Each structure stands twice: as C-alpha cells, then as structure tokens.
Amino acid sequence: MQDEDGQTIESHSISAGLDYPSVGPEHAWLADIGRAEYRVVDDAPAMEAFALLSMTEGIMPAIESAHALAGALQLGRELGEDAVILVSLSGRGDKDVDTASKWFGLVGDEPARADLTALRDAARATTTDQAEESR
Amino acid sequence: MTIADTHRLRADDALERARAENRSALIGYLPAGFPDLERSIEAARILIDHGADMIELGLPYSDPVMDGAVIQEAAKAALLGGTRTRHVLQAVEALSGRGAAILVMSYWNPILAYGPNSFARDLAAAGGAGVITPDLIPDEGADWIAASEEHEVDRIFLVAPSSPRDRLEHVVSHTRGFVYAASTMGVTGTRASVSAATEGLVERTRAAGAKNVCVGLGVSNGEQASEVGAYADGVIVGSAFVRALLENQGDDRAARTALAAVADDLRAGVERARA
Numbered sequence: 001m002q003d004e005d006g007q008t009i010e011s012h013s014i015s016a017g018l019d020y021p022s023v024g025p026e027h028a029w030l031a032d033i034g035r036a037e038y039r040v041v042d043d044a045p046a047m048e049a050f051a052l053l054s055m056t057e058g059i060m061p062a063i064e065s066a067h068a069l070a071g072a073l074q075l076g077r078e079l080g081e082d083a084v085i086l087v088s089l090s091g092r093g094d095k096d097v098d099t100a101s102k103w104f105g106l107v108g109d110e111p112a113r114a115d116l117t118a119l120r121d122a123a124r125a126t127t128t129d130q131a132e133e134s135r
Numbered sequence: 001m002t003i004a005d006t007h008r009l010r011a012d013d014a015l016e017r018a019r020a021e022n023r024s025a026l027i028g029y030l031p032a033g034f035p036d037l038e039r040s041i042e043a044a045r046i047l048i049d050h051g052a053d054m055i056e057l058g059l060p061y062s063d064p065v066m067d068g069a070v071i072q073e074a075a076k077a078a079l080l081g082g083t084r085t086r087h088v089l090q091a092v093e094a095l096s097g098r099g100a101a102i103l104v105m106s107y108w109n110p111i112l113a114y115g116p117n118s119f120a121r122d123l124a125a126a127g128g129a130g131v132i133t134p135d136l137i138p139d140e141g142a143d144w145i146a147a148s149e150e151h152e153v154d155r156i157f158l159v160a161p162s163s164p165r166d167r168l169e170h171v172v173s174h175t176r177g178f179v180y181a182a183s184t185m186g187v188t189g190t191r192a193s194v195s196a197a198t199e200g201l202v203e204r205t206r207a208a209g210a211k212n213v214c215v216g217l218g219v220s221n222g223e224q225a226s227e228v229g230a231y232a233d234g235v236i237v238g239s240a241f242v243r244a245l246l247e248n249q250g251d252d253r254a255a256r257t258a259l260a261a262v263a264d265d266l267r268a269g270v271e272r273a274r275a
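As you go down the protein sequences, you meet chains Z and F in turn. At position 30 of the first sequence (counting the first as 1) the number is 30 in my numbering, and the numbers step up by one without a gap. At position 262 of the second sequence (counting the first as 1) the number is 262 in my numbering, and the numbers step up by one without a gap.
The shape of chain Z in the complex, shown without the other chains:
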C-alpha cells in the first residue's frame, strides 16, 4: 500500500499478522495473471466468522484465518447452497483469545463491538438446519 509518491501508507487490522502495508510477491503475481481472485474483508466480518466457527464447530480459528472464513461466507451467499467451498484454515485462535474477548466485550471496559447473543442464535440456527438435513 503506497501513495502516488511511493510512500508507505499506514495499515490497520485487528489481526496482528495482517497489519502490514504490503503484499507478498507470489500473491501479487497470482492476481496479475488471473490465477487467483482476492477479496477484502474488514475487522467486523472476520470477527463474526471467528465466533461462528467457534460456536458451530468448536474450532477457534486464528483471526488471520477468520478473514478467509468471512470470505467463504460471502462467496457461499453468492454461489448458493450447492456450492462446495474449501477453506484453508491456516492457524489457530488460542493466541487471539485476548483480542477476541475485548472485541466481544467479555473483558475490559470497552463496549462490545459485536452482539454475541445474536451470533449464538445464528450459529444455533445453522447447526439445527444441518441436524435436520442429516436426519
């Protein structure tokens, strides 16, 4: 990320592993030759995906990986129910418990950035649907 003079632009991400203003050369090349398509995912949908996977599968993803999950949710809505989507879950979220706890307002004085109760209901609805389908 740079301005027209080639000066680096400051970045922000809730995920420490994504908070840098650059792109690896492999990704840049894959994008240039059209072999890969990249999407933008902000903090809020990433943390929503973080909560959903934790609640539905008992797997806590790294916040970096939660961005990919949020992208998969976007893509799934676009492609419909028959789509088969493979997500590379590149890391675990144990290291992110502190960040996530603050985001959801479970510790500290900061207000919650997302409604965990609503997410829990959404997660329950998903798992109930799946349970009914498999029956």
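Read the hints as simulated data drawn from the structure, not as lab findings. Just to be clear, a hint being listed does not mean it is correct.
Here are the computed lysine to aspartate or glutamate pairs in the EDC-like style, where the Cα-Cα straight-line distance is at most 16 Å [to be verified]:
hint, chain 1, residue 1, chain 2, residue 2
1, F, K76, F, D63
2, F, K211, F, D13
3, F, K211, F, E16
4, F, K76, Z, D5
5, F, K211, F, E169
6, F, K76, Z, E10
Calculated from the model, a selection of chain Z residues having no Cβ within reach of chain F, i.e. all distances over 12 Å [to be verified]:
hint, residue
7, P21
8, L30
9, E37
10, V84
Model, not experiment: these values are computed from the prediction. Built from N, CA and C at the ideal position, the CB exists for glycine as well.
Chain Z is already provided as a structure; the job is to place chain F on it using the hints.
Coordinates of chain F only, in the frame set by chain Z:
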C-alpha cells in the same frame, strides 16, 4: 551544451577540486523538507558556505531502513509537513549552481513510483549531480543504470565491511561518481568512534577498481573527519547536522549558528587530515 549543463557540478568535479587541494571532500546530508522546505534549503546553503563540497539531500521516506533515530525523526517530520518528491527536486534546483555538487539520497521506491527515467531527467534538469540509492543493488538496478546513463547523473551504490572482493568489483563497475563505503554494519547516527575496519574497506574498494571512495556512517566531528579524511576521498556527515537542526527547532538563528559550527569543525578536520 545546455544552460543546465554549465552549472551542473558532478560528484567527480567536486572530488577533483578537493583532491587538488590535497584533502578529502566534505559531504553534508540533510533531509529535504525539515523543518520545512525553505529552511532545509537555507540549512544546505549554510553547509555550502561553510565548506561542504557536496550536499546530499535526503528524500524523506516512510520506511527508512538505513537510518537511525535522528534522521528518522527529521524525515518523519518532513513527511508530516507534506514533503513530496517534487519538492526535493525543487530544493536541488535552489541549491545547484552554488559551487557544490548536489546529490539526492533516496530509497528506491519513491524513484520507482516517480519513474526512474523521469527522475533522472528531472534531476539533471534541476542541476543535480546524481543519486545515492542505499537500498538498491546494481543487480536489481537495470532500469536505474539505463536512466542514469541516458541523463548523465551519478549513480552511487554502497559497499559494506562484509562485501567480499567479487561483490566490491561488481558494485564498483556499476557505480558512477563515487562508491559509498558504509563504515559499519549498521544505520546512520553519530558514534563515539569510526570503525578501524573502515580504512581496510576503502583500500579493498580501491583495489576493486574504484577511483573515488567516500565514507559514511558514524562521522560527526572534526576529529573523526580528520581521521577518515586521511584515507578516504570524501567524508559523509548526516546525523550531526540533523541533530543541530533538531536541537534548535523554533530558533532559526541558533540553528544556523549550530550548523555552521558543525560544518566549520568538519571542514577543519578534512583540511588537517593530510597536512
């Protein structure tokens, strides 16, 4: 010969002039745009008036990997103050034709963003001598080598104490003007002493074919300039000047006096080095 050519002093001209006086050249670094563009130009004029043979104008960059705390602070302030690449070229123009060769020291990305050929063209048109590119190695510099050849600007690459013989030969063969010998495996900043290995590096760089070798990193006073000036073709000083500006922010007169004092001390140092 165009009008620009008549006053465009190249690095070699400045080094030859110093050599004729049996001394090392004094090269002063200042970041363009600190504390603001006008004051940075004024500061460089003071350095020229007090004996600098060459001025190295730093193009402030957001990722200054070779710079220590002092120059980082000034460059950051220059960027916050709105300094852009074109302002640096304006400063070059304001300073050329005053008897000193004017170099730009820039990390590669701003030049890449500007366009290497356009940068070389505009620098030459502004009366600039050349460019020091600390994070560009000749191996990756084909575009810059072509652009600097076309527009006849010096391209100054760096060597370090760790550079082996074949590396030195490679860098020397692609350099025009002088080779910048980094005295230490570190960043810019004043140091209590200049590494004893520096003289060996200068000798090895000459043995690799370099005509002119100038030493930078860690030189801040006349004593050190005298020591380095005994064997180097040029002595490069940055942080000591920038510190004089930082310590006297808001007091222009004090800043001018401090800059002049640092420059006088350094100039006296290079003059007595071989006396």
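These are the hints, each one checked on the structure:
1. K76(F) <-> D63(F): Holds, at roughly 10 Å.
2. K211(F) <-> D13(F): Between K211(F) and D13(F) the Cα gap is close to 13 Å, so the pair holds against 16 Å.
3. K211(F) <-> E16(F): Between K211(F) and E16(F) the Cα gap is close to 11 Å, so the pair holds against 16 Å.
4. K76(F) <-> D5(Z): 15 Å, holds
5. K211(F) <-> E169(F): Given that 16 Å is the threshold and the Cα spacing comes to 12 Å, the pair holds.
6. K76(F) <-> E10(Z): 13 Å, holds
7. P21: 9 Å, violated
8. L30: Non-interface label on L30(Z) holds, nearest chain F Cβ at 21 Å vs cutoff 12 Å.
9. E37: 26 Å, holds
10. V84: Consistent with the label, V84(Z) stays out of reach of chain F, its closest Cβ about 42 Å off (over 12 Å).
The earlier numbered hint that this structure contradicts is number 7, and it is the only one.
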